[in-house]
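Undergrad: Spelled out from the first residue to the last, the chains are:
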Amino acid sequence: MKLTGSQIVTECLIEQGVTDVFGYPGGQVLNIYDALYKAGDRINHILTAHEQGAAHAADGYARATGKVGVVIATSGPGATNLVTGIANAMLDSVAMVAITGNVPTHLIGKDSFQEIDITGVTLPITKHNYFVKDINDLAPCLREAFQLAKSGRPGPVLVDIPKDVQLAVTEFTPEGVVPRLPERKSRDKRVEEAVKLINECERPYIYVGGGAGSRDMAEDVKALCEKIDGCIGSSFMGLSLIDSDYESFLGMQGMHGHYASSMANKSADLIIGIGVRFSDRATGNTAKYCKGAKIIQLDVDRAEINKNIMVDVALVGDLKDSLSRILNAVEKKERPEWKAEIEELKKEESLIEKENLGNARGLHPKYIFDAINKHKSADTVVATDVGQHQMWAAQFTRFEKSRKFISSGGLGTMGYGMGAAIGSAIGTGERTVLITGDGSFGMNLNELATAVTYNVPLTIVLLNNGVLGMVHQWQNLFFGKRYSNSVLDRRTDFVKLAEAFGAKGVRTDNAEDFEKLFSESMKSEGVTLIEVLINEDEFVLPMLPPGGSIDDIIVSIPKEDN
Amino acid sequence: MSRRYVIAVYVDNKPGVLTRVSSMFTRRAFNIDTLTVGEIENPAYSRITISLSGDEYTKNQIVAQLNKLHNVQKVKVLADESAIRRELMIIKMKNNPHNRAEIMAAAEVYKGKIIDYSVETISVEVTGEPVKIDAFIELMKPLGILEMCRTGIVAIERGSETMFSQEI
Ligand SMILES: Cc1ncc(C[n+]2csc(CCOP(=O)(O)OP(=O)(O)O)c2C)c(N)n1
Ligand SMILES: [Mg+2]
Chain C
1 MKLTGSQIVT ECLIEQGVTD VFGYPGGQVL NIYDALYKAG DRINHILTAH
51 EQGAAHAADG YARATGKVGV VIATSGPGAT NLVTGIANAM LDSVAMVAIT
101 GNVPTHLIGK DSFQEIDITG VTLPITKHNY FVKDINDLAP CLREAFQLAK
151 SGRPGPVLVD IPKDVQLAVT EFTPEGVVPR LPERKSRDKR VEEAVKLINE
201 CERPYIYVGG GAGSRDMAED VKALCEKIDG CIGSSFMGLS LIDSDYESFL
251 GMQGMHGHYA SSMANKSADL IIGIGVRFSD RATGNTAKYC KGAKIIQLDV
301 DRAEINKNIM VDVALVGDLK DSLSRILNAV EKKERPEWKA EIEELKKEES
351 LIEKENLGNA RGLHPKYIFD AINKHKSADT VVATDVGQHQ MWAAQFTRFE
401 KSRKFISSGG LGTMGYGMGA AIGSAIGTGE RTVLITGDGS FGMNLNELAT
451 AVTYNVPLTI VLLNNGVLGM VHQWQNLFFG KRYSNSVLDR RTDFVKLAEA
501 FGAKGVRTDN AEDFEKLFSE SMKSEGVTLI EVLINEDEFV LPMLPPGGSI
551 DDIIVSIPKE DN
Chain U
1001 MSRRYVIAVY VDNKPGVLTR VSSMFTRRAF NIDTLTVGEI ENPAYSRITI
1051 SLSGDEYTKN QIVAQLNKLH NVQKVKVLAD ESAIRRELMI IKMKNNPHNR
1101 AEIMAAAEVY KGKIIDYSVE TISVEVTGEP VKIDAFIELM KPLGILEMCR
1151 TGIVAIERGS ETMFSQEI
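Chains C and U, in that order, give the protein sequences. Taking this note's numbering, the leading residue of the first sequence gets 1, the next gets one more, and so forth. Taking this note's numbering, the leading residue of the second sequence gets 1001, the next gets one more, and so forth.
With the rest of the complex left out, here is chain C (with noise of 0.2 Å):
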């Protein structure tokens, strides 16, 4: 059948099988729009408060279903706009195709209204972009777009349509959902190697990251765990995979991890890899990081190898295929020494976490997430914005299924989080929890507006310490208290904005109101927001300070020091 282009767009989105798309029109996507209009019946289009809230949630919506992500942007301003929430999908590899409509090909290059080179913005925050000046290169374009956006290492990908392109004619033949490309498989001679240094190994350390995560590899990770009797560490980004009740999770470990998976980490004699890129938060100084321990690395990323740390053994590929074959080869073995020095740092952290309650300045946010825990069900999303709310976060929910932390990892962007818990909730149809500060709930809170008109189950609860916490940490511990532009002093009532919205809005300064007031929460229907009073001085804790490495660890701050 003979179509436009704009007719076209919408049809390969149809037929990529995307059921959802969030954006906001614009003089150059206005036959997109029209396009979209027309298909109502088949695509639901989820209009946000601004650009960036659209790709946020189109990230979330991505990170929550495992789907592809779609966002929609007019030519200029509309598409710069996208520019943070792509930087944010592609820092934290998640697969989102970004449309945006641009001037027509013959005012190109002109300086014309709304005219911005998008292609060449996005270009290092991209995994790939097109222009497509040719209408009859548009639909192949777009399904290229979606299969790289969802192969080998997920990513944000960027489709430039200007506007003479989106009215041209010409056939089109609906086809179906494109593969993903198929994946390399490591060499048998690196599945050796891992294996022999797996079966030589007495501690052993199972790392998971976020690319573990985007493949649902729960299951595999576990078996392989109980196979050589080890014990499994996550990065921020590896968080939710595996459940927080799984006697060998130590958690998150790195720069504010969890105290006994950092230590796990730093006592291994083997570390093994499962799509983490040791990034630096995760790592502190490399030159100290794990000296003593051999490293295996699983990634399906070729460029991952070697480039933060220098590792032993690299299986290239399918991160699946290359952990069956280990888990297949290798030694069934006990090490109860291991598991035995792992039950102690286990009873440290709880000394540890006993003594940091001991020493709150005020309500402790752990109390918070308690509530939190008891009335979230398995399936509950938590998204969090970022700062000390969000390590919290990080550090006390409990998971029992994957997909369920939603966070800004690698770009740690102030305002993800509104977009992108409304793109979790209409993604999966369950309540989704926010977790946000009154610094981040400020960049993003006029999408409390998207929220409301599209009555999206959201619980917001914003850990309002009246501060930018985590700069006011940094300059607390290593700028002598020099609180430079990190105290809010605004007189925002969060109770009156969210009702201003249309949405529910609650106070509460204690733990007992707030469990209250969340399980209420959890059973109505529409948009809450709960405001929780903390101190201005509580701390996230443990934490390796800037440049140090595990041996510099600060698990607690006396209350008297401070």
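Treat the hints loosely; a few may be bogus.
[What the hints assert, rightly or not] Straight-line distance between alpha carbons at most 20 Å, and here's what the computed PhoX-like set of lysine-lysine pairs gives:
id, chain 1, residue 1, chain 2, residue 2
1, C, K346, C, K266
2, C, K185, U, K1068
3, C, K110, C, K133
4, U, K1068, C, K307
5, U, K1059, C, K307
6, U, K1059, C, K133
7, U, K1094, U, K1068
8, C, K189, C, K294
9, C, K294, C, K346
10, C, K185, C, K196
11, C, K227, C, K339
12, C, K133, C, K2
13, C, K185, U, K1074
14, C, K227, C, K320
15, U, K1092, U, K1113
Quick caveat, the hints were computed from the structure, so don't treat them as lab data.
Guided by the hints, dock chain U with the ligands onto chain C, whose structure is given.
TA: Frame of chain C; chain U with the ligands shown alone:
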């Protein structure tokens, strides 16, 4: 340990591909010495030749990151021993009775060609290994260089070795 590497890359012959490659170098803070690009026997591809001095880590990262680019089809590090490397230079010199003979003599020894001659200038074309070009420039420096340009390195391997003869 720092070494010189020559990397040959086959990329899709499409607009913007060179930008993608060079943008990756900037973003990853890789320093390269020269980059040349041109068509090959198959019009679907172009060949980019990159030369750099760096350690093995940098070289490996460059190869891995190049391979990740969607429009990059093949990357090969040319073995130092077997790579024939060539560069072309055009240099414009002042022409006067004091240096004329010396320029001509040097050009002859270096198998250069006089490609332009005017009352005030002599232009010489020299082709060869980059070190040979460097040496020629050294000779010219005291004689008054007005302008010069170099193409950067192109390279190919000796014998039956080709871009696709071996998997990497
Ligand atoms: C867009 C953006 N700007 C600045 C920062 C730097 N930054 C990291 S955490 C933080 C403070 C966050 O404050 P808030 O949201 O109130 O969270 P809190 O730490 O108080 O829990 C800042 C400014 C960032 N990560 N992202
Ligand atoms: Mg705050």
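Undergrad: Decide, hint by hint, whether the structure agrees.
TA: Okay, the hints, checked on the actual structure:
Only pairs whose Cα atoms come within 20 Å are accepted, and K346 (chain C) paired with K266 (chain C) is accepted, the gap being roughly 14 Å. Between K185 (chain C) and K1068 (chain U) the CA atoms are separated by roughly 16 Å; this keeps the pair inside 20 Å, and the hint holds. Distance hint between K110 (chain C) and K133 (chain C) is fulfilled; the C-alpha atoms sit about 16 Å from each other, no more than 20 Å. Among the hinted pairs, K1068 (chain U) with K307 (chain C) is consistent with the structure: their alpha-carbon atoms are about 14 Å apart, no more than 20 Å.
Taking the CA atoms of K1059 (chain U) and K307 (chain C), the gap is about 11 Å. The hint holds against a cut of 20 Å. Note on K1059 (chain U) and K133 (chain C): the hinted pairing is violated, with a Cα-Cα distance of about 35 Å set against a maximum of 20 Å. Only pairs whose Cα atoms come within 20 Å are accepted, and K1094 (chain U) paired with K1068 (chain U) is rejected, the gap being roughly 48 Å. Between the alpha carbons of K189 (chain C) and K294 (chain C) the distance comes to roughly 17 Å, so the proposed pair stays at or under 20 Å and holds.
About 23 Å separates the Cα atoms of K294 (chain C) and K346 (chain C), which puts this hinted pair outside 20 Å; it is violated. For the hint linking K185 (chain C) to K196 (chain C), the alpha-carbon distance of about 19 Å falls within 20 Å, and the restraint holds. Taking the CA atoms of K227 (chain C) and K339 (chain C), the gap is near 13 Å; set against the 20 Å cutoff, the hint holds. Using a Cα cut-off of 20 Å, the hinted pair K133 (chain C) and K2 (chain C) holds, with the two alpha carbons roughly 18 Å apart.
Among the hinted pairs, K185 (chain C) with K1074 (chain U) is consistent with the structure: their alpha-carbon atoms are about 18 Å apart, no more than 20 Å. Our distance criterion of 20 Å between C-alpha atoms is met by K227 (chain C) and K320 (chain C), whose separation comes to about 16 Å. Of the supplied pair hints, the one linking K1092 (chain U) and K1113 (chain U) holds, its CA atoms being roughly 12 Å apart against a limit of 20 Å.
Violated hints for the displayed structure, listed by number in ascending order: 6, 7, 9.
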